[in-house]
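Undergrad: Okay, here's what each chain looks like letter by letter:
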Amino acid sequence: KAGVTQTPRYLIKTRGQQVTLSCSPISGHRSVSWYQQTPGQGLQFLFEYFSETQRNKGNFPGRFSGRQFSNSRSEMNVSTLELGDSALYLCASSGGQGAGYTFGSGTRLTVV
Amino acid sequence: EDQVTQSPEALRLQEGESSSLNCSYTVSGLRGLFWYRQDPGKGPEFLFTLYSAGEEKEKERLKATLTKKESFLHITAPKPEDSATYLCAVQATGGSYIPTFGRGTSLIVHP
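Here the protein sequences line up with chains A and B, keeping their order.
Residue 1 is where the first sequence starts when you use this note's numbering, and the numbers rise one by one after that.
Residue 1 is where the second sequence starts when you use this note's numbering, and the numbers rise one by one after that.
Please keep in mind that the hints were generated in silico from the structure rather than gathered at the bench.
Cβ coordinates follow ideal geometry from the N, Cα and C atoms, glycine included.
Careful: at least some of the hints might be erroneous.
With beta-carbon atoms standing in for the labels, derived distance ranges [said to hold, decoys possible]:
(1) B:ILE108 x A:THR14: 34 to 40 Å
(2) B:ARG61 x A:GLU82: 38 to 44 Å
(3) A:GLY28 x B:SER52: 36 to 42 Å
(4) B:PRO40 x A:GLY58: 38 to 44 Å
(5) B:ARG12 x A:PHE69: 33 to 39 Å
(6) B:GLU81 x A:SER27: 27 to 33 Å
(7) A:PHE60 x B:GLY16: 39 to 45 Å
(8) A:PRO61 x B:ARG61: 41 to 47 Å
Which chain A residues stay away from chain B? Per the calculated CB distances, all over 10 Å, these [to be verified]:
(9) VAL4
(10) THR7
(11) LYS13
(12) SER22
(13) SER33
(14) ASN56
(15) SER65
(16) ARG73
(17) ASN77
(18) LEU81
(19) ASP85
(20) PHE103
(21) SER105
(22) THR110
(23) VAL111
Some chain A residues well away from chain B (every beta-carbon gap over 12 Å; in silico) [to be verified]:
(24) ARG15
(25) SER27
(26) ASN71
Kindly produce the complete structure, drawing on both the sequences and the hints.
TA: In structure tokens:
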């Protein structure tokens with residue numbers, strides 16, 4: 001079956017701009033989580049969506065937001081980009097709260 | 001606060017040289033411990049879930065074990081294709097079910 005699909009794979013943006021990343025989870029998975037991965041901090045949890053509702057939120061500023069659509073596809077948005085937002089953004093879907101994640105390949109965001 | 005510490009940070013092995021990676025954790029109660037493999041430029045790939053002390057899971061050259069305070073990922077006779085970063089994550093009982101990840105162990109296997 002198809003895996004988790006993230007688009008785009010790479011992005012280069014300028015400080016102050018905003019960006020939207022997209023994630024299509026595995027068919028049937030209703031939970032979608034977003035993580036930021038950097039060499040210095042490792043995997044940091046951003047938020048989780050379930051049935052179009054944000055169920056959990058990590059410790060990131062309000063510039064980071066997301067949403068989930070009725071078909072479980074999810075988007076995350078980062079406004080007023082900062083250099084420190086450069087990272088690999090990973091989306092993961094899960095078939096249940098006790099199940100492991102299936103991750104996408106990520107979106108590599110570079111802010112210049 | 002849940003904590004996950006992986007050691008060593010980096011490990012270099014010769015092909016065929018068996019070794020173990022460690023994941024120490026502190027949680028109020030363990031719901032599950034997960035191991036993932038991550039190749040450069042890709043997302044982590046799920047390997048195992050362990051739920052209770054004494055449990056073991058195997059996949060090819062990998063075997064994961066669990067105690068009340070730590071988990072080990074044993075790599076038997078590794079091959080160069082086993083080179084990757086191995087991540088450990090713990091999920092606590094109660095609360096949000098969101099797993100806490102360790103920083104990972106970067107493994108390089110030389111031919």
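Undergrad: Each hint should be assessed against the structure and marked as holding or not.
TA: Hint check results:
Distance hint check: the CB atoms of ILE108 (chain B) and THR14 (chain A) are about 36 Å apart, consistent with the given range 34 to 40 Å. Restraint check, ARG61 (chain B) to GLU82 (chain A): a C-beta distance of roughly 42 Å satisfies the suggested window 38 to 44 Å. In this structure the supplied range 36 to 42 Å is violated for GLY28 (chain A) paired with SER52 (chain B), their Cβ-Cβ distance being about 28 Å. For the pair PRO40 (chain B) and GLY58 (chain A), the supplied restraint of 38 to 44 Å is violated, since their beta-carbon distance comes to about 24 Å.
A hinted range of 33 to 39 Å for the beta carbons of ARG12 (chain B) and PHE69 (chain A) is inconsistent with their spacing of about 45 Å. Checked against the hint of 27 to 33 Å, the pair GLU81 (chain B) and SER27 (chain A) passes, with Cβ atoms roughly 29 Å apart. The hinted range of 39 to 45 Å is satisfied by PHE60 (chain A) and GLY16 (chain B), whose Cβ atoms lie roughly 44 Å apart. Distance hint check: the CB atoms of PRO61 (chain A) and ARG61 (chain B) are about 42 Å apart, consistent with the given range 41 to 47 Å.
Its beta-carbon lying about 7 Å from the closest one in chain B, VAL4 (chain A) breaks the requirement of being farther than 10 Å from that chain. Annotated as non-interface, THR7 (chain A) keeps its C-beta farther than 10 Å from every C-beta of chain B; the closest such distance is 13 Å. With a least beta-carbon separation of about 19 Å from chain B, LYS13 (chain A) lies farther than 10 Å from that chain, consistent with its non-interface assignment. Chain B leaves SER22 (chain A) outside its interface by the beta-carbon criterion, the shortest separation being 15 Å against a cut-off of 10 Å.
Not every CB of chain B is more than 10 Å from the CB of SER33 (chain A) (nearest about 7 Å), against its label as outside the interface. Against chain B, the non-interface label of ASN56 (chain A) is violated: not every CB pair exceeds 10 Å, the least being about 5 Å. The beta carbon of SER65 (chain A) is kept farther than 10 Å from every beta carbon of chain B, the shortest such distance being approximately 18 Å. Chain B leaves ARG73 (chain A) outside its interface by the beta-carbon criterion, the shortest separation being 17 Å against a cut-off of 10 Å.
Distance check on ASN77 (chain A): its Cβ is at least 20 Å (rounded) from any Cβ of chain B, clearing the 10 Å threshold; non-interface status holds. At roughly 21 Å from the closest C-beta of chain B, the C-beta of LEU81 (chain A) stays outside 10 Å, upholding its exclusion from the interface. With a least CB separation of 19 Å from chain B, ASP85 (chain A) remains clear of the 10 Å interface cut-off, as annotated. The Cβ of PHE103 (chain A) sits about 3 Å from the closest Cβ of chain B, inside the 10 Å cut-off, so the non-interface label is violated.
Taking the minimum C-beta to C-beta distance to chain B, about 5 Å, the non-interface status of SER105 (chain A) is violated against the 10 Å cut. Its beta-carbon lying about 13 Å from the closest one in chain B, THR110 (chain A) satisfies the requirement of being farther than 10 Å from that chain. Every CB of chain B lies more than 10 Å from the CB of VAL111 (chain A), the least distance being 18 Å, so the non-interface label holds. The Cβ of ARG15 (chain A) sits about 24 Å from the closest Cβ of chain B, beyond the 12 Å cut-off, so the non-interface label holds.
With 12 Å as the threshold on Cβ separation, the claim that SER27 (chain A) sits away from chain B holds: the shortest Cβ distance comes to roughly 17 Å. The beta carbon of ASN71 (chain A) sits about 21 Å from the closest Cβ of chain B, which is more than 12 Å, so the claim that it is off the interface holds.
Of the numbered hints listed earlier, those contradicted by the structure are 3, 4, 5, 9, 13, 14, 20, 21.
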